[in-house]
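With chain A fixed as given, assemble chain B onto it according to the hints.
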Amino acid sequence: MHEILIEEKILARNDEIAAENRLALSSRGIYSVNLVSSPGAGKTSLIESMAQHLKDLAVSFAVVEGDLEGDFDAKRVESRGVPALQITTGRACHLDAHQVAHSLPWVFGQNGLELLIIENVGNMVCPAEYDLGEDTMITIMSTAEGDNKPLKYPAIFSASELLVINKIDLAPYTDFDIKKARENALKVNPYLKIFETSCRTGYGVKEFATYLAGLAKA
Amino acid sequence: MHEMSITRSMLDIVRREMEANDIHALRKLKVRIGELTAVEPDTLKFCFDVAIKGTPFEGAELEIEEVPLGGKCRDCGGEFRITAFDNRCPKCGSTDIERVSGDELDIISMEGD
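First to last, the protein sequences are chains A and B. Quick note: the first sequence uses my numbering, first residue 1, plus one each step. Quick note: the second sequence uses my numbering, first residue 1, plus one each step.
Chain A on its own, in the form it takes in the complex:
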């Protein structure tokens, strides 16, 4: 019996496919984002709220939706006139690069696409480990969650470039301390760019959409 040295990342295969996805998307001029959050923080709502702003900014975009079951989210997005593809993962609690690779023929069929939004399964743990090939990871947290969320889920906040604090309109009715939440987020990742939004009132949505448009058009 002998020991065989392997020294390989367990998720090496996922990383390989993610790299292929990244190349395939960028070579076609498509900017991609991986939208993550706890279930119910407002990923789909944010996409719906941003839709008109992105159209006004002449950004051609499409959405790939990841959920365990159903096509509720894809239908919601489509009803805003945005092309959406639903991936049902069954029991997997996160999207992986392989699933995104399978969606790419559909993505590339959307002519003139500049921005791809991948809405991940609601989960703040696993998406941090599974590179999908995106350009930017965006985390959403809401004021209906704890303001110490970043400290409890450091990996996802560390892996993200943008943070959206959503449901700002609810803040007066919860114990959520926006200042503390921002401090906690920056403690875990000093490079995070933070936005505050309310999909209900529209607060901050145009600013966020404009920023995304800037990334897509760059």
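Please keep in mind that the hints were generated in silico from the structure rather than gathered at the bench. Please read these numbers as outputs of a predicted model, since none were measured by experiment. Mixed in with the good hints, there may be bad ones.
In silico DSSO-like cross-links for lysine-lysine, where the CA-CA straight-line distance does not exceed 27 Å [what the hints assert, rightly or not]:
#1 A:Lys206 to A:Lys217
#2 A:Lys187 to B:Lys28
#3 B:Lys28 to A:Lys9
#4 A:Lys193 to A:Lys152
#5 B:Lys91 to A:Lys217
#6 A:Lys193 to A:Lys179
#7 B:Lys72 to B:Lys53
#8 B:Lys45 to B:Lys30
#9 A:Lys193 to B:Lys72
#10 A:Lys206 to A:Lys75
#11 B:Lys30 to B:Lys53
#12 A:Lys152 to B:Lys45
#13 A:Lys75 to A:Lys55
#14 A:Lys193 to A:Lys217
#15 A:Lys152 to A:Lys187
#16 A:Lys152 to B:Lys53
#17 A:Lys217 to A:Lys187
#18 A:Lys179 to A:Lys206
#19 A:Lys180 to A:Lys193
#20 A:Lys206 to A:Lys193
#21 A:Lys193 to A:Lys55
#22 A:Lys187 to B:Lys72
#23 B:Lys72 to B:Lys45
#24 A:Lys179 to A:Lys9
#25 A:Lys180 to A:Lys152
#26 A:Lys187 to B:Lys91
#27 B:Lys91 to A:Lys9
#28 A:Lys152 to B:Lys28
#29 B:Lys30 to A:Lys9
#30 A:Lys180 to A:Lys206
#31 A:Lys55 to A:Lys152
Reference excerpt, derived from the structure (chain A facing chain B, CB under 10 Å, subset only) [unchecked claim]:
#32 Phe72
#33 Pro154
#34 Ala159
For glycine and all other residues, C-beta sits at the position ideal for the given N, C-alpha and C.
Frame of chain A, contents of chain B only:
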């Protein structure tokens, strides 16, 4: 389950290596898990035991090397364990630090015959 999908990926690599090295029975698998991955060692062991039941890997032992979240100070060069996200060097107090360990998710080696 997070640990279950990681176990599946681990076994894909093991299967490949067993074939490449003409090994028929797996005895031990050593992995390295960083603190930041939120992979729970006990859960991973449990998932591993469940996944290998009734397979050629059954009976193999999973050994886990846990790696803490580690930082290095860019100012004084000091290395330290990062706790509670206190991103300051304990030696000189600088906040110019980089994370040097803690997000590993690697297969180190395997033993078999």
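Per the CB criterion, is A:Pro154 less than 10 Å away from chain B?
-> holds, 6 Å
Pair hint A:Lys193 and A:Lys217, alpha-carbon separation not exceeding 27 Å = holds, 18 Å
Are A:Lys217 and A:Lys187 close enough, with their CA atoms no more than 27 Å apart?
-> violated, 30 Å
Pairwise hint evaluation, B:Lys45 against A:Lys152, where the allowed Cα distance is 27 Å at most | holds, 23 Å
Hinted pair B:Lys91 and A:Lys217, Cα distance within 27 Å | Violated: B:Lys91 and A:Lys217 sit about 44 Å apart, past 27 Å.
Would the pair A:Lys193 and A:Lys152 pass a check requiring their Cα atoms to be no farther apart than 27 Å?
-> Judged against 27 Å, a Cα distance of about 19 Å means the pair holds.
Is it true that the CA of B:Lys30 sits at most 27 Å from the CA of B:Lys53?
-> Within the cut-off at roughly 18 Å; holds.
27 Å Cα cutoff - pair B:Lys72, B:Lys53 = This hinted pair is violated, its Cα atoms lying about 42 Å apart.
Does the alpha-carbon distance linking A:Lys187 and B:Lys91 stay inside the 27 Å limit?
-> holds, 19 Å
Is the straight-line distance between the alpha-carbon of A:Lys193 and that of A:Lys55 27 Å or less?
-> holds, 23 Å
Hinted contact A:Phe72 with chain B - closest CB pair below 10 Å | violated, 23 Å
A:Lys75 and A:Lys55: Cα distance at most 27 Å?
-> Holds, at about 18 Å.
When each numbered hint is compared with the structure, violations occur for hints 2, 5, 7, 16, 17, 23, 24, 27, 28, 31 and 32.
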